[in-house]
Every structure is written in C-alpha cells, then in structure tokens.
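2 protein chains.
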Amino acid sequence: MLPLRGGMRDTRAMSTPEHPLDAATHLEPLAAGLYRGRTSANYANMVGPFGGVIAATLLNAVLQHPGRQGDPIALTVNFAGPLADGAFTVEANPVRTNRSTQHWLVVMRQKEQAAATASAVFASRRKTWSALEARFPVVPAAHELPVEPNLERALWTRSYEMRFVDGAVRLPSLSREGSDSRSTLWIRDAPPRPLDFVSLAALCDAFFPRLFVRRPVWAPVGTVSFTTYFHADAALLAANGEAPVLGTAHAQQFRNGYFDQTAEVWSEKAALLATSHQIVYYKE
Amino acid sequence: MLPLRGGMRDTRAMSTPEHPLDAATHLEPLAAGLYRGRTSANYANMVGPFGGVIAATLLNAVLQHPGRQGDPIALTVNFAGPLADGAFTVEANPVRTNRSTQHWLVVMRQKEQAAATASAVFASRRKTWSALEARFPVVPAAHELPVEPNLERALWTRSYEMRFVDGAVRLPSLSREGSDSRSTLWIRDAPPRPLDFVSLAALCDAFFPRLFVRRPVWAPVGTVSFTTYFHADAALLAANGEAPVLGTAHAQQFRNGYFDQTAEVWSEKAALLATSHQIVYYKE
Numbered sequence: 000m001l002p003l004r005g006g007m008r009d010t011r012a013m014s015t016p017e018h019p020l021d022a023a024t025h026l027e028p029l030a031a032g033l034y035r036g037r038t039s040a041n042y043a044n045m046v047g048p049f050g051g052v053i054a055a056t057l058l059n060a061v062l063q064h065p066g067r068q069g070d071p072i073a074l075t076v077n078f079a080g081p082l083a084d085g086a087f088t089v090e091a092n093p094v095r096t097n098r099s100t101q102h103w104l105v106v107m108r109q110k111e112q113a114a115a116t117a118s119a120v121f122a123s124r125r126k127t128w129s130a131l132e133a134r135f136p137v138v139p140a141a142h143e144l145p146v147e148p149n150l151e152r153a154l155w156t157r158s159y160e161m162r163f164v165d166g167a168v169r170l171p172s173l174s175r176e177g178s179d180s181r182s183t184l185w186i187r188d189a190p191p192r193p194l195d196f197v198s199l200a201a202l203c204d205a206f207f208p209r210l211f212v213r214r215p216v217w218a219p220v221g222t223v224s225f226t227t228y229f230h231a232d233a234a235l236l237a238a239n240g241e242a243p244v245l246g247t248a249h250a251q252q253f254r255n256g257y258f259d260q261t262a263e264v265w266s267e268k269a270a271l272l273a274t275s276h277q278i279v280y281y282k283e
Numbered sequence: 000m001l002p003l004r005g006g007m008r009d010t011r012a013m014s015t016p017e018h019p020l021d022a023a024t025h026l027e028p029l030a031a032g033l034y035r036g037r038t039s040a041n042y043a044n045m046v047g048p049f050g051g052v053i054a055a056t057l058l059n060a061v062l063q064h065p066g067r068q069g070d071p072i073a074l075t076v077n078f079a080g081p082l083a084d085g086a087f088t089v090e091a092n093p094v095r096t097n098r099s100t101q102h103w104l105v106v107m108r109q110k111e112q113a114a115a116t117a118s119a120v121f122a123s124r125r126k127t128w129s130a131l132e133a134r135f136p137v138v139p140a141a142h143e144l145p146v147e148p149n150l151e152r153a154l155w156t157r158s159y160e161m162r163f164v165d166g167a168v169r170l171p172s173l174s175r176e177g178s179d180s181r182s183t184l185w186i187r188d189a190p191p192r193p194l195d196f197v198s199l200a201a202l203c204d205a206f207f208p209r210l211f212v213r214r215p216v217w218a219p220v221g222t223v224s225f226t227t228y229f230h231a232d233a234a235l236l237a238a239n240g241e242a243p244v245l246g247t248a249h250a251q252q253f254r255n256g257y258f259d260q261t262a263e264v265w266s267e268k269a270a271l272l273a274t275s276h277q278i279v280y281y282k283e
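Residue numbers (numbering that gives the first Met the number 0), protein chains in the order written: chain A, 0 to 283; chain B, 0 to 283.
None of these hints come from the bench; they were simulated from the model.
Hints should not be assumed to be uniformly reliable.
[Unchecked claim] Listed below are the simulated DSS-like cross-link pairs for lysine-lysine, each with C-alpha atoms no more than 27 Å apart in a straight line: (1) B/K282 - A/K126; (2) B/K268 - B/K126; (3) B/K126 - A/K282; (4) A/K126 - A/K282.
[To be verified] Pulled from the structure, derived: some chain B residues nowhere near chain A, Cβ distances all over 10 Å: (5) P28; (6) V120; (7) H249.
Even glycine gets a Cβ: it sits at the ideal position worked out from N, Cα and C.
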C-alpha cells in the first residue's frame with residue numbers, strides 16, 4: 000500500500016492533469032540557466048510551433064531561473080530560423096541586475112543553431128501615480144458571441160477559444176481586399192487556464208498576421224521580431240483567473256515584404272494587461 | 000608640399016566637417032565585430048547620453064560590420080545600466096544569417112559591465128504589394144511653426160530642431176495634469192544632416208517621455224526597452240534628404256512605475272518611415 004502523501008499527490012495529478020500550455024512550455028533544467036524543452040503538437044503552426052509558445056517558453060526560462068528578480072516588464076523575441084518538431088535547448092543569462100530591474104538574454108537552439116533569441120527586462124514594481132490612456136473598446140460581452148471554428152491550417156488555434164467582435168480570419172475568402180486590418184476578439188486558453196505571464200506572453204502572439212485580415216488570401220508569412228510590454232503584475236493577472244481577455248490588433252503599414260502590427264490585451268474588467276508589437280515578413 | 004590627393008582630403012574635411020551625430024556614433028574597429036566609441040557632449044542627457052544616440056551607435060556597429068547583409072528592419076535596445084561620460088566598447092555578433100534575413104546581438108560595455116544590449120534584424124527587401132494603414136496627421140507645414148527653444152536640462156535637445164504642432168514639453172509648467180500625452184512635431188537634426196538609418200534610429204527616441212506631457216512636473220524617468228521597426232529602405236530615407244520629418248507619439252498606460260509610448264515617424268511627403276515603441280521607468 001502506498002503512503003498517504005504519495006497517494007494524495009497521485010489523485011491530484013489525475014484530477015487536474017497538466018495543462019497543454021504548461022506541457023508545451025515545460026523546461027527541464029540541464030545546468031545553471033540551461034534547459035531542455037520539446038515542441039508540442041497542440042501548438043503546431045504551418046512551419047514549426049506557434050510563435051507565441053516559443054515566446055512563452057523563452058520567458059519561462061527566465062521565470063524559472065533561481066536568480067530571477069521581479070516580474071516581466073518587457074520581452075522581445077527574434078525568430079531567427081525555423082524550429083523543427085522535437086527537442087531544443089534554452090539558455091538564459093542575466094546580463095545585469097540593478098536595484099529594481101534585471102536584464103536578460105535568452106537563446107533557443109536546435110542542432111547548435113540559434114532558432115530564436117530574446118531579451119527580457121524584469122522589475123520590482125511599486126505603487127505610483129497611474130493613468131490609463133488607451134480606451135477599452137465598446138464590445139459585446141464574451142458570452143454573447145459565438146466561438147470561432149479553429150483554422151485547420153494552424154493547429155495551435157485549437158488551443159485557444161476565440162470569439163470575434165470583428166476581423167475574423169476565414170481563408171480562403173470570397174471577400175476582396177479591405178481598407179482595414181483590425182480584429183477585436185475575446186480570447187482565452189482552451190481548455191481554460193488561469194492567466195499568468197507565460198500564458199499572456201503566448202496569447203499576445205495569437206492575433207493572426209494582419210495581412211490575412213486586410214487581404215484574405217493565403218501567403219507565406221513569418222514574424223521576425225515580437226515585443227510585449229507587460230502592464231500587469233502577477234496579482235492583476237491572477238485576478239483575471241480563467242476569464243477571457245479582450246484583444247484588439249491592427250497593422251500600421253505593409254511595405255515591400257514586411258508589415259508591423261500592434262495589439263492591446265485587456266482584462267474582462269477593462270484593465271490594460273499588455274501592449275504588444277511585431278514585424279512580420281510576407282511574400283506575395 | 001603635400002601630394003594633391005592628401006590636400007584635397009584636407010580641404011574637404013575643412014569645408015564639410017563631420018556632423019556631430021557622426022562624431023557621437025563613431026566606432027573605431029578594435030577586432031572583428033568589436034569597436035570602441037566615446038560619449039559626446041552634444042548628445043548628453045541628464046544622466047549619461049541621450050538614449051537615441053546609444054541606439055544609433057549600437058545599430059551603427061552592425062551597419063559597419065563587414066558581414067552585414069541588407070538594411071535594418073527591427074532594432075530593440077535594452078538600457079541595462081547608466082553609461083558614464085567617456086569611452087565604451089560595442090560588440091556586434093551575427094546570430095544567424097538566412098537567405099533574406101540576418102539576426103544580430105549587440106552589447107555595449109563600459110568597465111566590463113553591460114550598459115546596453117540590442118538585437119537587430121536586417122533584411123533584403125523586394126518590391127511587393129504594399130498598403131499604408133496609419134494616417135498622416137493633419138498638420139501645418141514645418142516652416143509655418145516656430146522652432147522650440149532647447150531644454151537646458153537635456154543638452155541633447157540642442158542637436159535637434161523641433162517645431163511642435165502640439166504637446167511641447169515646457170517644464171516646470173503651471174498647467175495641470177492633462178488627459179492626453181500626445182505630441183506631434185516636425186523634427187530634424189541640428190545642424191541639418193541627410194536622413195539615414197543611424198539618424199532615424201536616434202530620432203525615434205527624441206520624443207520626450209510622455210509622462211512630462213501628461214503630468215508636467217519633473218520626475219526621474221529612464222527608458223528600459225526601446226524598439227523601432229524600419230518601414231523605409233535606404234533609398235526612401237535618402238530621398239528625404241535634410242528635410243524635417245513628422246513625428247507623433249503617445250502613451251498607452253502609466254502604471255506602477257512603468258509606462259509605454261508609441262511613435263510614428265513620417266517623411267515630409269507622407270511616407271511612414273518608422274514605427275517605434277518603448278517602455279519607460281518613472282518614479283513619483
């Protein structure tokens with residue numbers, strides 16, 4: 000007969016199995032600051048994994064580092080080359096630790112080649128004068144909107160529940176080129192998972208390439224650089240729980256092979272949790 | 000008597016002396032990818048140099064690298080610690096070179112400590128379907144607006160000619176906290192200098208911290224992470240020449256010690272040259 004403590008652990012593990020996002024971003028420590036991870040079929044994209052899960056994995060390497068101080072403020076991920084299905088390593092190094100901020104460089108490698116690099120700034124926050132300048136969009140409540148079917152070409156969409164206010168991607172589409180690339184949607188992990196920095200980092204990349212909203216035909220695209228600013232601290236994220244968040248994203252310019260897009264992520268209670276920006280390669 | 004070629008070089012050097020920005024971002028090669036630079040009084044800020052000139056110097060290390068391919072697409076600079084007046088080193092390493100993109104990591108050091116790190120993506124562009132989604136603001140022509148006096152506290156402002164449409168920073172001010180942090184201005188190097196990637200990278204950081212527009216009292220502030228997406232290629236920048244560019248910047252949220260701000264930089268002829276984002280520490 001197993002001892003009681005072991006038995007309790009087993010029961011808990013069976014009743015709440017590891018969430019697919021935690022499995023996909025799981026890192027096994029190999030040495031100080033060095034980890035091994037593995038791609039997950041639940042977050043597969045057309046080529047390699049969904050970029051958001053790569054960003055979340057790189058952030059997770061810092062979050063798990065014993066020398067980490069504070070919460071993430073800024074994360075920039077550069078997607079340097081394709082990541083094949085299978086194992087990879089992640090190395091996270093603190094570049095400089097100040098009194099209230101800490102700077103990190105992170106590299107994801109596969110077969111000794113860099114697949115992605117990241118920089119992150121972590122900080123300890125204090126209460127200060129604060130002001131919100133962006134505006135929460137006027138939208139219906141999440142439960143008033145239908146859940147969007149997944150995109151078969153992008154398997155990772157199965158791992159999110161999206162309810163579009165406008166700007167859904169339905170490709171190939173009979174609609175013509177529009178004048179606007181904005182999408183606004185309620186979104187949460189599927190299955191639901193309490194919001195934290197890892198899931199927020201991934202979710203900030205879940206807004207489809209704006210090219211597909213503006214010009215609804217398939218084309219090769221790939222984010223080259225992705226930056227997220229975290230306005231929320233851990234407590235504000237925890238307060239959101241498993242509720243959906245509201246995201247809105249739009250492009251500023253498509254020009255000669257690259258476009259940028261910018262996004263806001265709001266809590267259900269209208270707190271601005273993150274602002275996020277990326278520049279994306281596209282081919283006609 | 001000096002040989003003719005030497006004499007011609009001397010004459011040219013006297014008639015068109017090096018622009019202060021080129022002096023401030025000058026890098027002397029020490030070894031492959033390793034350079035020495037020196038801070039410049041013309042771009043001094045309250046503590047250390049103006050962040051824009053640090054960003055431009057880091058970008059310059061890649062631009063001058065013999066292995067560089069293509070033009071900058073994305074630049075992220077993390078300001079890790081204060082840079083003292085004097086010499087520093089910059090090390091630029093190509094992380095990965097693909098067919099059309101190249102990824103770089105750059106570190107600025109002083110006394111063996113990282114003062115700033117950067118990542119950059121360079122790329123070769125092709126002509127493609129293009130579309131502008133952001134809108135050029137409705138503004139008077141530059142020559143219809145007065146030149147703003149420099150800010151004595153921020154010596155680097157002497158190195159820019161700014162003509163504000165709105166949102167000038169005049170501190171300390173009798174005005175109260177506003178509801179908006181937007182500034183729109185015509186800006187160019189002083190003395191004038193043809194626009195290129197180095198000057199554009201610096202100029203993208205020349206929008207004052209939005210805190211000072213929203214709440215016009217001095218407070219300690221410092222950018223921690225700064226990202227610029229370059230929409231323009233070298234030819235489009237060269238076409239701008241020494242004409243002023245139009246910049247517009249605003250914050251999205253000030254919250255517990257950090258705020259973000261986002262900017263657009265347009266050519267006089269309404270081409271969107273760059274979009275730029277940063278997150279800034281502030282203390283009450």
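Checklist entry - If you check each hint against the structure, which ones fail? => result Result: hints 4, 6, 7 break, sorted rising.
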